[in-house]
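Q: The primary structure of each chain is shown beneath.
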Amino acid sequence: MRVLARRRSSRLRAQIFEAVLDSRAVRTRKLLLSLSGVATLVALWSLAIALHPATILPGPLKVLSGVVDLARRGLLARHVVASLFRVTWGYVLAVLVGIPLGLCLGWWRRADRAVNPFLQILRPISPLAWIPISILWFGVGDGAAVFIIFLGAVLPITVAATNAVAAVPSVHLRAARNFGLGSRELLVRVIFPSVLPQLIVGMRVALGVAWLVVVAAEMIAVNSGLGFLIVDARNAGNRYDLVVAGMVLIGVIGYGLDVGMRRLERT
Amino acid sequence: MVAEAVPTRAPIKIAIRGVRMRFGAVEVLRDVDLDVREGELVCLVGPSGCGKSTLLNIVGGFFAPSGGEVRIDGEPVRGPDPRRIFVFQERGVFPWLTVEGNIAFGLSKLPREERARIVAHYVELVGLEGFARAFPDELSGGMKQRVEVARALAVKPDVLYLDEPFGALDSITRLQMRSELLRILQAEKKTMLFVTHDIEESVQLADRVVVMSTRPATVQRIVDIDLPHPRDLSSPRYLALRDSIFEAIGLAHKI
Amino acid sequence: MVSRFESIVLPLLLGAICIALWSLSVHWTGTKVFPSPLQVVRGVGELWRRGLLLPYLRDSLVRVAVGYAAAVALGVPLGLCVGWSRNLATAINPLVELLRPISPIAWIPVAIVFFGIGNLAPIFLVFLGAFFPIVVTTHDGVRAVPPMYLRAARNFGLSPAQMLRRVLLPAALPQILSGLRIALGIAWLVVVAAEMIAVDSGLGYLIIDARNAGKRYDLVVAGMLLIGATGLVLDLAARRLERVRALRWGFRAD
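Heads up: the sequence lines are chains V, Z and X, in that order.
Under my numbering, the residue at position 146 of the first sequence is numbered 1527, and the numbers go up by one with no gaps.
Under my numbering, the residue at position 223 of the second sequence is numbered 220, and the numbers go up by one with no gaps.
Under my numbering, the residue at position 85 of the third sequence is numbered 1561, and the numbers go up by one with no gaps.
Please keep in mind that the hints were generated in silico from the structure rather than gathered at the bench.
Among these hints, one or two may not hold up.
To be verified - Looking from chain X toward chain Z, a few residues come up when the C-beta cut is under 7 Å (computed):
| id | residue |
| --- | --- |
| 1 | R1630 |
| 2 | N1631 |
| 3 | G1633 |
| 4 | P1646 |
Backbone N, C-alpha and C fix where the C-beta goes; we use that ideal spot for every residue, glycine too.
Let's have the full structure, built from the sequences with the hints guiding it.
A: The structure is reproduced here in structure tokens:
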């Protein structure tokens, strides 16, 4: 008689899962797992606060009420917008400078050899280390913050563009030349589509860096934005609920930006 | 020296009964029945994507079939087993280990001297003397394939499964590797189940050729290759057998 | 093709041009504040004479070392586990993705509450900065191991623990090492930034202090260059280490 032999090994089951289309049960299971991780953190956090009632650090509920408080006072929108505004400016500048620069460096090897050592020296210098110089050049205010964001984001983009151009398969270039494409057409019809995936990855990384940097820059150089909120809330009255609220917002927005970029990458 | 054909009274090693496989809505294998006798070299041929690799994976214990069963030596197959080793294309070789390291991979339970002895034996058997300390990225495709075969043989398995092992090699190397494989098998008789889409290869190597249909795959025809080794690739019998397989797959043998 | 000669001469040429332009623009704008290249060099000399150079450098490096070591010790195993177990990955990934964008700098107030002003706060921040990239790249490295290797390992009868140690780890190692190198770069960035805010020694502190205590921009730029040079040395050392490992295992790591 035919005996049905079922295997129990979870590895095999995982393989079959891959092959099987994502059923609804699988999707809800994934969602629950994701939430459980975050939920565990929140639970541990609450527990830690409950065990140390004397600490000035807030529990999750206080943080939540802190966020609501900010929203009511209209500060939430104001700070978030200020941070996003600076990021956008710094990031756009970085893209406008970084992509052409990177493409040139990738294309003309001599230029790369000449410039690269300087980029390597500049890279380890935290954008924040530029703060005194940027305040000197731009004064305290948005200009300085945007400059620092620009510095943070421009290097990843440049490096990604350079590497992407270097990675264009030479067969593509030769085929294009064979078909009689001039330099300009070559750039637009062959090089650009070829570098685009890698470039977008670099842009996503740069956006992440920009977001990290804006928060730090705001803690020092300006008087609005999420970074400023964190410092101010602490200085002007030890409002740690707002401090942590600010941190949570930073994390959430940063996450959102990253997810958005990944979505873009996929198209 | 002419190798003896497998005596037909050899016990059945692998018994495949009514195996079915379904991935989601796609039925890949349907009612596959096959017996492989001990010491036989059986080739599975068929068009690309027809499911022969899937069948091999099921027999090897890496997939569970949707229905039917596979028994080896009478026991149902429950998962991968060191007694039955899979030989992949040469990319299965571990790049961080030397040739010696790779061949010794399955031998960690043995004492050091015995391990060294076995490794040395197989390095020589597959013809890689002088390369024992080399890393895979210093080797050619054919050499890597030999490492993989040596690694498989070193643990003295009963059965070898080969999934298009020579697929990534150029045709000259492929011819060499085929005769190497036969030579190695002369030294160590094993049961082998071999998947290929190269019909010539199957006729050159196998004792029996199992022709599989297109998806959902099932056994379409089994052709006994009753030629002794070494096989004359121009003999009428060879060509006739080859043509019958071509026909079974439905290919014209004139281009 | 660009020759070795050109790789040395071209940057030097460009460097010389930049320094010349720098000198000229300082001279031309008559600025009293922004330093000329010569002043920067003198600034470095001054730091050396005042016995600040080495101690500050040492302090920064020690903080990086401790924070980074902690990040590696915790991050690599976690990355391995997350890469190995799909369930663990689904549970932990959102957490990592949420915490990662929070700049270590944003953690400063929390760090100060926990650790006060002193060495522990920058170390904690360095740890945070390096930990997440290490977890992510280790996880990616594990995911990128060809399933074929794992199947072969199962075939040979290895237990899961043996598979992890003998196959997964060596196979993922090149990518993990690359991630460790990047994390080291991040650690260096973070320590400098942390020192600008939370302590009173180190290269980051030097920059802030030089500006605040007298607008000594020559020391500021000198400090920046030292930071850049040290970071570069760290990166080159890490690359060298990567290559030694890779060569020893016959791996061509990009």
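Q: Take the shortest C-beta to C-beta distance between N1631 of chain X and chain Z; is it under 7 Å?
A: 4 Å, holds
Q: Would you check whether G1633 of chain X satisfies its interface hint, that is, whether its CB is within less than 7 Å of any CB in chain Z?
A: Holds. Min distance 4 Å.
Q: Taking the least C-beta to C-beta distance, is R1630 of chain X closer than 7 Å to chain Z?
A: 5 Å, holds
Q: With a cut-off of 7 Å, does the beta carbon of P1646 of chain X approach a beta carbon of chain Z closely enough for the hint to hold?
A: This interface hint holds because 4 Å falls under the 7 Å limit.
Comparing the model with each earlier hint shows no violations; every hint is respected.
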